[in-house]
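A.B. asks: The lines below spell out each chain.
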Amino acid sequence: MVVLGEGKGRLFTDPDPDKARCFFRNKSRTMENKLMGLSEAIRGFVHDGEYLAIGGFGANRTPVAACHEIVRQGRKNMGFAGHTSTHDFQILSAGKVFNRVDIAYVIGLEAIGLSPCAKEYIQSGKVEICEWTNYSLSARLKAAAMGVPYVPTRNMFGTDTFKYSGCKIAKCPFTGKKIMLQPALYPDVSIIHVHEADIYGNARIKGITISDNDLARASKHLIITTERLIPNEEIRKAPTSTSIPFYLVDAVCEVPYGAYPGTMPYEYFSDEDHLMQWLTVQRDPNKFAKFLKRNIYDCADHAEYIEKNGGIARLNELREREFLLHREAENGGL
Amino acid sequence: MADFNIMELMICVASRELGNGHMASVGTGAPCAAAMLAQRTLAPHLVIMFESGGIDPQLTEMPISVGDSRTFHNAVIASGMCDVMETCCRGFVDYTILGGVQIDMYGNLNSTMIGYDHSKPKVRFPGSGGSNDFASFCWKQIIMTMQDKRRFVEKLDFITTPGWLEGGDSRAVSGLPLDTGPYRVITNMGVMEFDPESKRMRVLSINPGYMFKDIQDNCDFEILQAPRVFVTKPPTEAELKILREEVDPHRYIIGR
Chain H
1 MVVLGEGKGR LFTDPDPDKA RCFFRNKSRT MENKLMGLSE AIRGFVHDGE
51 YLAIGGFGAN RTPVAACHEI VRQGRKNMGF AGHTSTHDFQ ILSAGKVFNR
101 VDIAYVIGLE AIGLSPCAKE YIQSGKVEIC EWTNYSLSAR LKAAAMGVPY
151 VPTRNMFGTD TFKYSGCKIA KCPFTGKKIM LQPALYPDVS IIHVHEADIY
201 GNARIKGITI SDNDLARASK HLIITTERLI PNEEIRKAPT STSIPFYLVD
251 AVCEVPYGAY PGTMPYEYFS DEDHLMQWLT VQRDPNKFAK FLKRNIYDCA
301 DHAEYIEKNG GIARLNELRE REFLLHREAE NGGL
Chain G
1001 MADFNIMELM ICVASRELGN GHMASVGTGA PCAAAMLAQR TLAPHLVIMF
1051 ESGGIDPQLT EMPISVGDSR TFHNAVIASG MCDVMETCCR GFVDYTILGG
1101 VQIDMYGNLN STMIGYDHSK PKVRFPGSGG SNDFASFCWK QIIMTMQDKR
1151 RFVEKLDFIT TPGWLEGGDS RAVSGLPLDT GPYRVITNMG VMEFDPESKR
1201 MRVLSINPGY MFKDIQDNCD FEILQAPRVF VTKPPTEAEL KILREEVDPH
1251 RYIIGR
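Those protein sequences? They're chains H and G, same order as listed.
The opening position of the first sequence corresponds to residue 1 in my numbering, with each subsequent residue numbered one higher.
The opening position of the second sequence corresponds to residue 1001 in my numbering, with each subsequent residue numbered one higher.
No lab work stands behind these hints, which were simulated from the structure alone.
Any given hint might turn out to be false.
To be verified - With a straight-line Cα cutoff of 30 Å, these simulated DSSO-like cross-link-like pairs (lysine-lysine) come out: (1) K177/H x K1140/G; (2) K76/H x K1122/G; (3) K1213/G x K8/H.
Construct the complete structure from the given sequences, taking the supplied hints into account.
C.D. replies: Here is the structure:
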């Protein structure tokens, strides 16, 4: 195949499918109890220098509890997949967890604005960057999930996004058209927050899956945080509901409200007041340090963090919001 | 004439571009408001899709995030990124509505950085997100942006998202899907299209209260004029009522 052009960005991960196969060959297929505490899971599977990916999208079904724990344990020099990474990105930036990032969308908090701490960290020159798009990162995960070295796409042509990416342009051997080659992305470790899982790691996601089905399959190690545990019989009664089978999974952590203050579809809506607090407090470094101490470093776990920020009463309000019950109240009932 | 603000005008103008029975990929904010308004006026069968996977939701409340629960509320399918982007790439999706921090005369967009050195940007912005993908794949790009010389520039600091690239046939030979490209630029001052040959931006209609000179004075490159330049049709009472009461009752977007 003739290569017609290539981006100058560095690949932070190896797209070689045979190396990935060697890894997966040795991964356990035993259906065993993988239940453990979140701090144990992060200690066991998230290591300095490795490449990390986080499931969900923006502040939606994001494993926030796990991001807090990574910062609490002080992970450093990691690679990171910034695939519409918003609240998770500002948490990890606050902890200076990574030093290289594949960027599709970071720093921004969508409609809320830009995260000052994430922006400052990226602009500091301490973080190596490679440019991508949301679909490119999804396609790269898909290639890895397929066990092939790349997949062809038709985006990115003619742009600086391509110029600073790790893509290559080739001539299609069938049609003669130009195709963009997206190299497979095999993260060392990923964390995905789900609605339900059994102790073996069979997991269910409700609502949009974003790129998490491929992410689960592309990752060498996978930590599942789940709103609730369910029995294995439940899984086997309705296998069409399973998104992630057990053999992909290394650890299962039961973390109720694990996506708070983000949205968990069909469970609770995002806490916009608290997310706004995150944003405004960053403008003052001293206040931000105190905020991080209170909400991350001095918290034993996610439950303590939630307790400090409104506890069960607040979660009930967010549940009402998720189910649009506030609209029924506004409209005086149905 | 009804009383309206500039954001209301831009949303109404964008909504009229969206055809009934077509598909549009949108993000949150003004683009989503335009699509929601279109569904409640001229295009009840407009299919709205979000890159995170929500397709044809019933948008009873404006989403605040491209992946929040509203983006697939009562949807026909809760899918994922690859499905949505690949549906665009197969040629199913008629429109996308985009924005950026800089735009040039060919409708290329920058949402990545300000500065000259990629490794040391003066100001870093989020990057492409799905913008490059939608602009590559959807048939017609509609761009909504405020107009000033800092945004409408001769040369982008970074081409995040492809417009007509360097004009002429450069987009077609680049490898991007054929017959795709920027279609309208909707600003506070007017509506622009692109010359069919050179692909340079030209003024199609001027918003009430503005003159061509205002548009040129707020644009760093020479902007052309279409053979006939119109006055932009202001929002109707009916459009404004729906926009204010149903689409954005809390004035999240139109109150900006």
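A.B. asks: Need the list of violated hint numbers for this structure, in ascending order.
C.D. replies: 3
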